[in-house]
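A.B. asks: Those protein sequence lines, which keep their order, are chains A and B. Here the first sequence stands for residues 199 to 625, numbered as in my numbering. Here the second sequence stands for residues 3 to 162, numbered as in my numbering.
Please keep in mind that the hints were generated in silico from the structure rather than gathered at the bench. Treat each hint with caution, since some may be false.
What the hints assert, rightly or not - Here are the simulated distance ranges between beta carbons:
#1 B/Q88 with A/D328: 17 to 25 Å
#2 A/F590 with B/L114: 33 to 41 Å
#3 A/K589 with B/G74: 34 to 42 Å
#4 A/Y366 with B/L114: 30 to 38 Å
What the hints assert, rightly or not - DSBU-like, lysine-lysine: derived pairs with alpha carbons at most 35 Å apart:
#5 B/K129 with A/K231
#6 B/K143 with A/K249
#7 A/K221 with B/K143
#8 A/K567 with B/K116
#9 A/K231 with A/K221
#10 A/K221 with B/K129
#11 A/K231 with B/K75
Built from N, CA and C at the ideal position, the CB exists for glycine as well.
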Amino acid sequence: MNRRVIKVDQLARVEGEGSLYVKVNDGQVADVKLRIFEPPRFFEAFLRGRKFSEAPDITARICGICPVAYQMSSVQAMEDALGVTVDGQLAALRRLLYCGEWIESHVLHIYMLHAPDFLGYEDALMLARDMPDVVNRALAMKKIGNDIVALLGGREIHPINVRVGGWYRLPRIDELTTLVDRLRWGLDQAIATVKLVAGFEFPDFDVEYEFVALRHPDEYPMIGGKIVSSSGLDISIREYEFHFEERHLAHSNALHGYERGHGRYAVGPLARFNLNFDRLSPLARQVAADVNLRPVVRNPFKSIIVRAVETVYAYEEAIRIITEYEPPQKASIDIEPRAGVGCGASEAPRGMLYHRYRLADDGLIRDAKIVPPTAQNQPTIEEDVRLFVTKFMDLPREQLTWKCEQTVRNYDPCISCATHFVRLDME
Amino acid sequence: MNGRDNGDVTLLIGVGNEFRDDDALGICVVREVKRRNPGFSKILEASGEGSALIEAWNGVDRVIIVDAVFSGKDPGAVYRFDASAQEVPRGLFHYSSHAFGVAEAIEVARRLGKLPRHLLLFGIEGKAFGTGVGLSDPVVKSIPELIAMIEEEIHPVHAV
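Chain A with its partners taken away, still in its complex shape:
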């Protein structure tokens, strides 16, 4: 019997650690196991007994790449529980902060983690050696996102300026407007990025997905809205747990997300793009059309192009918000603690992030639930690997192993950092 085993060994990493195991028996993929390490379980326990106001800063520590996503989902859930609505310019500034994170995270993933795969480089190091201009451009593009997060968040890493009810400190208009020229430069670079990555070679690999994303009445989704799916689901965020569940599987310490009555589903850039194409700006739609990218995109490798289109949108949206900014009277809404349950969801760069909190009448957290995008995508990632290996079984071992890693990286999971340590064993 011809057996092959592909292993991606574990490596400790800050953002997470993971491993991938693929077993092939007689030309059939017998098993795919993606093991990921998942911090939210710890944080759910850690949050119990803490003040409602502490959730944004504590949950921001879950991920060094997307702290803003954790803050945005948590403040939204808390405000839901406490019966307040943050809107107008206070909400616009939150969207601006989120644009900063999308820019940072997408540019990092496109250039430093994903592009080397397509360009045939082992890593960003080799890319920097051969194409220093490209890497310099990426660093400059990303810095603009960092600067937005540093200005609004109070600091670059683990922003601390977001509070339940609004902000601790509002930015001055001149602090914001100084960013505009660089954002315009970034927008041009992002358009060039779309053209660059659309020219990469993509494997012929389309998959039928159930896409799930937020949908907002008039914006491309970032914070709040409804939850919609490609099979027609259309629910409020409060109904999330009626329709989605997490299952514990023995091989992974992460919970796996499933849609009740449907099974695995995909969140992230492809889901957002396919379900919200009409909410993109005319420019972002045009840039996508110029490279023949239209919904429904079913090739997960093309997520790199969608990320680039979303980066165009994020720069443009940041410019719009700054240009329309009028400082509000107050940095935040007054809040009285009360008992209640609240839910919040936002679109982290890698997909929808759901939070639910139950508060006691003194405002202390009774329990917390956090469903990160990577946990929701995990069954889909495993299925992609299974389909990919089935289809491209004849590739040389080294190439197939690399492609398996790339298949995982398509989802920009928090474990992307661990997926290079691969061994393909013939048994």
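Using the hints provided, position chain B relative to the given structure of chain A.
C.D. replies: Below, chain B alone, put in the same frame as chain A:
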């Protein structure tokens, strides 16, 4: 560079996550150095995301990075590594070719000519990198030695 410049020309960067057991090392150590040396103002806490590090040390001549090490050696082992003199070995300081972490940031910066003239890495081999608050005993025991080594690097500069 800094409003309250006390003659510091060294930027001290602590890398880590307070909620990941021994990975908090870098953060804890730079806070302690700051507490012991109130005049030393150039301290930064970072998650270890590489491109942010390249930005942070832009224009700085002397940089010290403190981070937990996971290389398979005995927990508590203390490391000092001169990154301006030689390439950071794989396996140290969260190096993974498809992450963009501390070691990779250093090597990319070297290739792009964005490396500080003096760059020292300090670390302690960690024991636990799960989720939790607090450092393990072998790491805690080695912290005074590490801090003494770091202060030796920053104090001569103070005296200038």
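A.B. asks: Could you run down the list of hints and mark each one as holding or not?
C.D. replies: Hint check results:
1. A C-beta distance of roughly 22 Å is found between B/Q88 and A/D328, which places it inside the suggested range of 17 to 25 Å.
2. Distance hint for A/F590 and B/L114: a CB-CB separation of about 35 Å, consistent with the stated range 33 to 41 Å.
3. Between A/K589 and B/G74, the C-beta spacing of about 37 Å keeps the proposed range 34 to 42 Å intact.
4. Between A/Y366 and B/L114, the C-beta spacing of about 36 Å keeps the proposed range 30 to 38 Å intact.
5. Simply put, B/K129 and A/K231 have alpha-carbon atoms about 26 Å apart, close enough for the 35 Å limit, and the pair holds.
6. Our distance criterion of 35 Å between C-alpha atoms is met by B/K143 and A/K249, whose separation comes to about 33 Å.
7. Among the hinted pairs, A/K221 with B/K143 is inconsistent with the structure: their alpha-carbon atoms are about 44 Å apart, more than 35 Å.
8. As the CA atoms of A/K567 and B/K116 are separated by approximately 42 Å, the hinted pair breaks the 35 Å bound.
9. For a cut-off of 35 Å, the pair hint linking A/K231 to A/K221 stands: about 9 Å separates their Cα positions.
10. Restraint check for A/K221 and B/K129: the C-alpha separation of about 31 Å stays at or below 35 Å, so the hint holds.
11. With a CA separation close to 29 Å, the supplied pair A/K231 and B/K75 stays within the 35 Å bound.
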